[in-house]
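Chains as they are written, first to last, in full-length UniProt numbering: chain A, 1 to 137; chain B, 1 to 337.
It should be emphasised that the hints constitute simulated quantities derived from the structure, not laboratory data. Be aware that a few hints might be false.
A short list of chain A residues far from chain B (calculated; beta carbon distances all over 12 Å) [unchecked claim]: (1) T37; (2) S59; (3) R71; (4) V77; (5) A104; (6) Q116.
Calculated cross-link-like contacts (lysine to any residue; reagent style SDA-like; alpha-carbon spacing at most 25 Å) [said to hold, decoys possible]: (7) K64/A x D124/B; (8) K64/A x C118/B; (9) K64/A x R44/A; (10) K64/A x T52/A; (11) K64/A x G123/B; (12) K64/A x R115/B.
Covered stretches of chain A (in silico footprint by chain B; criterion: 3 or more residues with CB under 8 Å from a CB of chain B, positions within the stretch not fixed) [said to hold, decoys possible]: (13) 16 to 27; (14) 42 to 55; (15) 88 to 94; (16) 108 to 115.
Every residue, glycine too, gets a C-beta built ideally from N, C-alpha and C.
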Amino acid sequence: MRDRKIGESGETSGRRARGELESGVLAALWAASGPLTARQVQERLPGDLAYTTVLTILSRLHDKNTLVRHRAGRGHVYAPVRDEASDTAQRMHTLLERGSDREAVLTRFVSELSEQDEQLLYRLLGEHDGHPADEGP
Amino acid sequence: MTVSVYVPFVVTVVLAALAPRLAGRFAPRPAAWALAGGSLVTALGWLGSLALLAFTGLAQIPEVAREGRWSVTAVRADDPVYLTVSAIAAVTLLASLTGLAVSAARQVRHLLWARRECARLPGDLELAVLDDASPHAFALPGAPGRIVVSHGMLRCLGDAEREALLAHERAHLRARHHLFQTAWRLTAAVCPLLRPVAETGGFVLERWADEEAAARLGDRRVVARAVGRAALASAKAPERATLAATGGAVPQRVRALLAPPPPRRALPLVAGAALLAVSCASLAEAASDSEHMIDGAQFVACVTALRDTGTPVPPPPGHAPCGHPPRDHHGPGPHRH
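One chain only, chain B, in its complex shape (with noise of 0.2 Å):
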C-alpha cells in the first residue's frame, strides 16, 4: 500500500505532461486512440488510488471499524498513510465524481441538441450551406452527422479546396470524433491534470481528419492551402468569433501537411501501453494490499474477541475460527469475502 498506491497518480503526471509534446510526432490516428485509451485508464487509475486512499482513512474511523468487525489499532499499526492523506484524498475524490457528473450530464445535452440541430438544418443532405456571408465550417454529430459550411466559406476556397473541406469535415463524420471529445472531456473532469492531454486530443482530430482529407484528395498541398484560406478568411471577417481558440493550431496543421505524411511508429506507443500497465498493476496491488491490512485486521479483532470472552486463541492452522493470519502471504491470495 506504500508506493503503489501513489503509482497512478504519477502516471497521470507522465501523461498530462508527455502526450502534448510527443502527439504530434505520430500519425494522427493511432495517436488518437492512444490519447483516448491513455486518458480512460489513467482516469480510472486516478478514482482507484483515491478511492483506496480515502478508504484506508475511513476504516480507522471506530464507528466504520465497528461495522467491518475489524480492529482499528491494527489497522493504524499496518498502515502508514496519514489521516490528512486520507481526507485530502477523500475531498478530491468527491470534487472528481462531481465532476465527471456534471460533465457527463452536460455532454449529453449537447449531443442531443447537436442531434435535434442535424434534423432541423434545412433538407436532408449530407451537406448544410447556411446563408450567411461570414466563413463558417463545421461537422455537427447526430444521426446521420451532417457538414455545416456557409456560403461565405464556400466562395474564398477554390475548387479542389472545397472538395477538401467536405472531405475533412466527412472524417470527421465517419470516425466519430465527437465520442473522442467526449472521452476526453469526461477524463479531464475526473481529473483537471487531464486537461492539456484533451487540448492536444482536440488538435490530433483535426489533423486525423486532414490527413484523411489528404488521402482523399490525393494531394496533401491542396488540403494545406484549403486549412490556410479558411483561418486566413476567419481571420479577415469582420466579427471574430471569441472561442477558446487553440492558438497556433493552424499553423502546425498547414506545415504537417506541407511535409511528407508523418511516419507509423510503434515503440512510444508501445512504450506508453506499458505505462499504463504499470498504472493498473501498481493499482492492483494497493487495492490487494489493502484487502490483506482489512483481513489481518478482521483476524486480530477476532482473536482479541475470543480472548475477551475467555476462549483459547485456536492454535490449529485450517479450521480455526478467526481463519488464518493474511499477513502470512502475499500476493492476490484466496481471502475474498
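Bound conformation, chain A alone (with noise of 0.2 Å):
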C-alpha cells in the first residue's frame, strides 16, 4: 500500500507519483473559481513542490487539451476546459440521481445521511474544529 517506499521500482512510483500531482493540480483547477496562475496552483497544493514542478505539470496537461491557457501580465493563467466533459457528465448524473443497480460498483466517497446522521456530524466536526463546520464553502 505505501507506494512510495522501497521495494517498488523507481520508474513505477515515479509515474504514478506525476499521476498524483496531475490529479493534485487538476482538482485544484476545477475547485477554484477562476484561472490560476502557476503560484496559485503552487500555493493550493499540499507539500513543498517546486514551482517548476508545478509549471511542468500545467504544461503537461495543456498538451493533453485538459487546461487552456492565457497569457496575463508576464505569465499565463489556467483553467480546466469545460465543455468536452459535459455529455459524460450528464450520463453520470443522470446514473446517479436516477439510481441503478450498475452504482453497485461504485465505491461512493461517502453516503447519504439521516437528519440524526446530520446532526450528529456537525457535532463531531464543530468540536474538533473549533469553528462551526457549516461555515464552509
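Starting from the two chains in their separate frames, assemble the complex, guided by the hints.
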C-alpha cells in the first residue's frame, strides 16, 4: 500500500507520483472560482512542491488538452477545459441521481445522511474544528 | 453425519451475527481480509452441507440406488436424516446455485460496464472531473481505474481535504476494493444470511480507504473533515440521491478518524479462523461419513446379491468379492472409488 516506499521499482512509483500530482493540480484548478497562475496553484497544493514542478505539470496538462491557458501579465493563467466533459457529466449525473444497480460497482466517497446523522456530524466536526463546520464554502 | 453436517450452518449464523458487531473494532485492512475469507469459506461450507443433505435424500430413491449399486434399506437404516430435511436442502441448494449464477452474471456485466466507462471518460488522467454542480465522488474500477469527482464536490472542500478525497479514492482503486465487494455480493447471493457481512464489508472498505488517506496525508482530522463536509454537502444538494444508504456510516467513519488509529489485535481474527476451521473439519467429517454410509450400503447390496444367487457369503477378509464392510473403521479410510 505504501507505494512511495522502497520495494517498488523507481519507474513505477515515479509514474504514479506524477499521475497523483496531475490529479492534484487538475482538482485544484476545478475547485477554484476562476483561472489560476502557476504560483496560485502551487499554494493550493499540499507539501512543498517546487514551482518548476508545478509549471511542468501545468504544461503537460495543457498539452493533453485538459487545461486552457491565457496570457496574463508576464505569465499565464490556467483553467480547466469545461465543455468537453458535459456529455459524460450528464450521463453520470443521470446514473447517480436516478439510482441504478450499476451503482454497485462505484465506491462512493460518502453515503447518504439521515437527519440525525447530519446533527451528529455537525457536532463531531464542530467539536474538533473549534469553529462551526457549516461555515465552509 | 448426524451433527457435523449442520455445523457449517451454525458457523454461518455465528459469522453473520458477530461480524457486523466486531468488524468496527479492528484495523480495517485485516478486518476486510478476514470478512472476505470468512464469507467465502462459509458460503462454500453452506453449499457443501446442503449438497450432502440433499444427497442423502437422493440416495434413498430406489432408481438412484440401483444405478449406484447400493442398498436403499441399508441407507435408510444408517442415515438419520429425514427425507423432508433432504428435500428442503435440495430446494435451498438449487436456490443458492441459481442466486450465485444470477449474481455472477450481474457482477461481470457491471464490471465490464465500469471498465468501458473508465475508457470513455474524458482525458487519460487518473482523475476525471465531471462538469456537474452537485457533489459526487467515487472510484470507478477499470484498467486502469479512474477517480471521478464533480466540480461541485471539489468546490465544497478545502485544499488539504481535496487531497484527502483523492487519496481515499486512490486507496479504493489500488487495493482493488471492487473485488472484495464482488466476493461479498456473490457469497450473499449464495447464502442470504451473509448479507449483513456484505454490508459490514462495504463499511470496512470505506474505513480502510479513510485510514490509507490519513496515513498518506499524515493527518486524521483532515480526512475526517473531508468526509464530513462531503457528506453534508451531498445532503444539502437539492436532488438527493435515492440510493440504498448504509445509515449512520458517515458519522461512524468521522468518529473513527477523530479517534486514535485502531489497534491491530490478532486474537479475534484467530478465533474467527478457528471457527472456519471447525466448519471445514465438520464438513469433511460429514462427507467422509456419507461416503462410509454409501460404501456400507454397497457392501450390503453386494452381499445380498451374492446370497440371492446362491453363492456363500465370503468369510475371508482381504480378497472378498464385496470388499470390507466399511463401518469397521472410522476416519478418512482408503475407501475411494
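Each hint, compared with the structure:
1. Once the 12 Å rule is applied to beta carbons, T37/A is consistent with being away from chain B; the minimum gap is 16 Å.
2. A cut-off of 12 Å between C-beta atoms confirms that S59/A is not in contact with chain B; the least separation is 14 Å.
3. With a minimum CB-CB distance of about 24 Å to chain B, R71/A clears the 12 Å threshold, and the non-interface call stands.
4. With a least CB separation of 18 Å from chain B, V77/A remains clear of the 12 Å interface cut-off, as annotated.
5. With 12 Å as the threshold on Cβ separation, the claim that A104/A sits away from chain B is violated: the shortest Cβ distance comes to roughly 6 Å.
6. The beta carbon of Q116/A is not kept farther than 12 Å from every beta carbon of chain B, the shortest such distance being approximately 8 Å.
7. A hinted pair counts as satisfied when its Cα atoms are at most 25 Å apart, and K64/A with D124/B qualifies at roughly 8 Å.
8. For the given pair, K64/A sits about 17 Å from C118/B by alpha-carbon distance, which is consistent with the 25 Å threshold.
9. Taking the CA atoms of K64/A and R44/A, the gap is about 22 Å. The hint holds against a cut of 25 Å.
10. At roughly 18 Å between alpha-carbon atoms, K64/A and T52/A fall within 25 Å of each other, so this suggested pair holds.
11. At most 25 Å may separate the alpha-carbon atoms for a hinted pair to count; K64/A and G123/B meet this at roughly 7 Å.
12. Distance check on the hinted pair: K64/A and R115/B sit about 22 Å apart at the alpha-carbon level, within 25 Å; holds.
13. Coverage of the stretch 16 to 27 of chain A by chain B holds [criterion: at least 3 residues with CB-CB distance below 8 Å; count 7].
14. Residue count for the stretch 42 to 55 of chain A with a Cβ under 8 Å from a Cβ of chain B: 3. That meets the three needed, and the coverage hint holds.
15. Given a C-beta distance limit of less than 8 Å, the hint that chain B covers the stretch 88 to 94 of chain A holds, as 4 residues qualify and 3 suffice.
16. Using a Cβ-Cβ cut-off of 8 Å, 7 residues of the stretch 108 to 115 of chain A lie near chain B, which meets the minimum of three, so the contact claim holds.
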